[in-house]
Amino acid sequence: VCIHRVRSCSSIRFIKSKYVCVFDKSALKFSHQQRLFRTSAVSCGQIVQFKLSDIGEGITEVTVKEWYIKEGDSVSQFDSICEVQSDKASVTITSRYDGVIRKLHYSIDDIAFVGKPLVDIEIDASKGVSPEEDVVETPPMSHEEHTHQEIKGHKTLATPAVRRLAMENNIKLSEIVGTGKDNRILKEDILNYLAKQTGAILPPSPKAEIVPPLRKTEAVPAAPKDKTHKIPVPLSRPIAFSGKDKTEPVTGFQKAMVKTMSAALKIPHFGYSDEIDLTELVQLREELKPLAEIRGVKLSFMPFFIKAASLGLLQYPILNASLDENCQNVTYKASHNIGVAMDTEQGLIVPNVKNVQVCSVFDIAVELNRLQSLGSAGQLGTSDLTGGTFTLSNIGTIGGTYAKPVILPPEVAIGALGKIQVLPRFNGKGEVFKAQIMNVSWSADHRIIDGATMARFSNLWKSYLENPASMLLDLK
Amino acid sequence: MVLQSLKNCLWQSCVLRTPKACFWSTASGGLIIQSVSNDVYQNLAVEDWIHDHMDLEKQQILFLWRNSPSVVIGRHQNPWQECNLRLLRQKNIKLARRRSGGGTVYHDLGNINLTFFTTRKKYERMENLKLVVKALKALRPQLDVHVTDRYDILLDRQYKISGTAAKLGRTSAYHHCTLLCNADKFVLSSVLKSPYKGLKSNATPSVPALVKNLFEKDPSLTSEMLLDAIAKEYAGQHQIDHHITLINPADETLLPGISNKTKELQTWEWVYGKTPKFNISTCLNMAYKDSVLDAQVNMDVKHGRIEVCNIDLPEQWLPPELYSELVKSLTGSKFCPNETTTLVTTLLRVCPQDDELHSRWSLLCENMIRLM
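In order, the protein sequences belong to chains A and B. 1 is the number of the first residue of the first sequence in my numbering; add one for each residue after it. 1 is the number of the first residue of the second sequence in my numbering; add one for each residue after it.
Treat the hints as calculated values from the structure; they're not laboratory data. There is no bait here: all hints are sound.
With a cut-off of at most 27 Å between alpha-carbon atoms, the simulated DSS-like pairs for lysine-lysine come out as follows: (1) 134/B with 160/B; (2) 70/A with 200/B; (3) 328/B with 259/A; (4) 51/A with 121/B; (5) 289/A with 462/A; (6) 246/A with 302/B; (7) 244/A with 263/B; (8) 246/A with 328/B; (9) 302/B with 103/A; (10) 197/B with 185/B.
Since this is a predicted model, take the numbers as computed values, not measurements.
My request is simple: use the sequences and hints to build the entire structure.
This is the structure we're talking about:
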């Protein structure tokens, strides 16, 4: 019985700090009670002034540089509280206690003094740092029967937790006989009373629901050590449990993309796809690669795709045009500034190669190399990223065959290139041979481009790539 | 012999399944280790790892390391205030923020770094620096080197050859310092000069100093000789073998969790995001057509992100909706040229297609980006 009592008492103690908070919030209603309860708050969760300990080397003052916690946060022993600096030394101050931060004595850039209070921590009562007393209250002015203090002229002894339990169950304390010391009403008394009333066997002491938030943070396994797993956020306390939702604001580049893509989808898209046999081009590139390397340039397939597209645009300039906002005018762009979609850490960026119509395949390769290295270093300039008139997206380097690309305004067409696969195909003689096949998926603005135009452009582009020698005829 | 002992210890640590390899817990009172890596992030991560995981009660540690060209700023500093970020990006010089306090330094292979790990109680910077001076004098008795009360080491009473910083934790502490042997002074002075104007901040400022390489005083000196001399002195004072153990900061078995520490040190949030709040108040002088346009810019940057942004432009120079779109997009965005470039160029796609407008937009944005 003795042990049982201690257990229930300690569980009731947890309730106290929580209970007090409830009442603090309802200050308006229970103003008188609140005054009384506030005094009890001090004694139930003891507030300890955590002083700034000696730094060493005779240092007496430091500058507070960063707080890792704020008022109201729970801390465990050894959690980092703040970072202070003194004469080229940065010091991490850690908590000596488990508890809740109640007050920060300094702001950022203030001078803090060794030996003076740094923060006030409300100690977790269960730690037994301070002995716990059941609260004795004088009768409140309000008429709340449930929490009424008087039985037969005596003051009723009951902790706020017990009172709350009584209130929740609509029990008048005056009707309960306390079995605790000095006729103190214990939780068991309330529960037994309830059991008798309903004839039910109540579930064992609802310790689970009483367990305060403080307890739960203790259970976080060595999270402070794992701090390094997380990408540092301004408050570097590990408060996230696994599986918790994380909401972040949409900022910067992402915000701009939201705007662009919303505008893009206002364009009526139509798609057109085809299959290209790159067997000859693959061979050609193998021959030309070492030549380019001698000149210090990496030659991929893209320069060929880009040049072929430009040759095609010469025949079908509507694909290199722009429609104004009111759809009143179409502007045929003179320059073929062909954009190449690049996947970077930030996301999708589209630098463009300027004036492809006057560039050789090698020129395009050089420019692509430059854009690629700038892109991966995060150093592309505004001129590299503006002025595009037509875009190719080589999604195939990551994977995929067919795609449905989204047109990037103010352009009117875009092509997505799938990966090159080795597939069996029939040749003119009806024989099966190994072919290097790539799929292309075009999207175009159906307001000014019709399917036939897109198909003819695609066929022309395809013919240049399937028979690279034919490009020689039309190269300018 | 070094490789042998490493292998043995790694094996033992696997068998015992202890996070600390037995390699660490030798019986002696001290340990000298040297990094095989020249990557500043990896080396800083080793410092973090030792600080967080090692029990330094029985054994103190001296860690020797060198970095490929890098600029290292102190924990509470502002990189925009301290160095020429544009130049760093151009020259591919890394930027790192260390966890200790103090000022900004330039590292290259001609600079050596020494870290003295002790318990918090045994933290004593003066002792460490005196050890270094003693080692230098043992190597070259005629060198005029001494320690100042600002924890610098001066050559010929004039030139700074070493700077110091420290980090104190709950139970352990470390003091690290640099030593200029043969660093590129030209690059050093150009990268440590900030071109950014109008910055107001409470970040720790660096104190510029006249520097000199030991090599300039005595061309026979090399970094290796200096490292060896200091190790010898440390070994003598701690009564341990003059034996330097090589460690590989990429070795996850030896240093479990080290790759996460290395990654964290490279994140934008750490390097730039930890900058104390600052304000930029400056005037953009933009040459447009035949005149020069002045635009006053006022920005608050917190955690490396633009909190508040105000640009004073002549009325109607940019259509008001466009201006507010720009300001709205910049707010909350990283104070970073790359982020801003991609942001403004993407926004341009949904602007009216007007050449005049586009050139004004580009001009303004490029000037804004130059502030970053």
